[in-house]
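So the sequence lines, in the order shown, correspond to chains A and B.
My numbering applies: residue 1 is where the first sequence begins, and numbers increase by one.
My numbering applies: residue 91 is where the second sequence begins, and numbers increase by one.
Don't read these hints as lab results, they were simulated from the structure.
Even for Gly, the Cβ is constructed at its ideal location relative to N, Cα and C.
Hints may be right or wrong, so weigh each one.
[What the hints assert, rightly or not] Pair ranges (Cβ atoms, derived):
#1 B:Y102 x A:V55: 54 to 60 Å
#2 A:P78 x B:A330: 33 to 39 Å
#3 B:R327 x A:I74: 42 to 48 Å
#4 A:R86 x B:R329: 23 to 29 Å
#5 A:L89 x B:W100: 27 to 33 Å
#6 B:T147 x A:L3: 24 to 30 Å
#7 B:M121 x A:V61: 31 to 37 Å
#8 A:V55 x B:T129: 49 to 55 Å
Okay, here's what each chain looks like letter by letter:
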Amino acid sequence: MSLLLGTPALSVIGTFGAALTVGLKRGGLLLSLLVLPLYVPTLIFGAEVARRGMVGLETTVPMLMLAGITCGAIALLPFASAAVLRVNLR
Amino acid sequence: MKEPRVTSLWTYANPKKFIETTDKLLPWVAMLALICLVTGLIWGFFFTPDDYRQGATVKIIYIHVPSALMAINAWLMMLVASLVWIVRRHHVSALAARAAAPVGLVMTLIALATGAIWGQPMWGTWWAWDPRLTSFLVLTLFYFGYIALWAAIENDDTAADLTSILCLVGSVFAVLSRYAVNFWNQGLHQGASLSLDEKENVADVFYHPLLVSIAGFVLLFIALVLLRTRTEIRARRTRALLARERMN
């Protein structure tokens, strides 16, 4: 479940990172460096859901936070990616 | 000299004006920074008592707290400069953001290193996955990514645009991770040693030299950023001149 909620956020973030490095010849390493810190909140909440589920605690709060991050990322990051791509195509 | 005095802040966005102004300003800022740093650190190191539990290790606070403060404020300054670049497209602003990044990175690394040195005897560990420590690690990664992106792109304007957007997006995620890690783990790190709420502050003996030391770090940061921005402006001008030479 947390995978389902977190994956879209990760892929949108990945899109943003890819858009940033699209003009570079060797963007691979840079891409991972750029995207790594952006992944942190998503991963933390995802891990928290899993941990709480394992211990048998309530998982609603981290789940909701995760969903919130995903919604926010889907809503806003495409604009950032679009802006970046526009710059790169200029 | 009969021109009307222009008071707008944006006049300083003109590179020439910026260099002229900082020419006069820089020695003073640098001098003040030096005075504050020397006073604050000597006062802190030699004229304050040892803490009754922490002993002499408490004195690392005079480096740790100011550098951590500046690490965050440097990113904030880069955020403002990036916004100015995106909205008003002043080159000096983009260059100032670029100039601030390595200074901020060094401040972050100093904060992490002094924290580790202090943490070893006090907490018995160099590193813990504590909220504050983790968010500083994330901040370090942001700084590295930002600097690397500046370095990777050849066209200056494109680089300025892309890094500005990265800085905006990064700021949002930095704040997010700050609170995410808070949520995730109970902290080992103590609370704020400084706040507007007087009761939470450290004792006055430590507080006053700490303030001087913080002022020193702020001034040092300003001086370094001004200096580096001037260097960037001149480097860019040199490159433009060289390019013109080659055209002829």
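Taking the hints in turn, this is what the structure says about them:
{"no.": "1", "hint": "B:Y102 x A:V55: 54 to 60 Å", "verdict": "holds, 56 Å"}
{"no.": "2", "hint": "A:P78 x B:A330: 33 to 39 Å", "verdict": "holds, 36 Å"}
{"no.": "3", "hint": "B:R327 x A:I74: 42 to 48 Å", "verdict": "holds, 43 Å"}
{"no.": "4", "hint": "A:R86 x B:R329: 23 to 29 Å", "verdict": "holds, 25 Å"}
{"no.": "5", "hint": "A:L89 x B:W100: 27 to 33 Å", "verdict": "holds, 30 Å"}
{"no.": "6", "hint": "B:T147 x A:L3: 24 to 30 Å", "verdict": "violated, 44 Å"}
{"no.": "7", "hint": "B:M121 x A:V61: 31 to 37 Å", "verdict": "violated, 52 Å"}
{"no.": "8", "hint": "A:V55 x B:T129: 49 to 55 Å", "verdict": "holds, 52 Å"}
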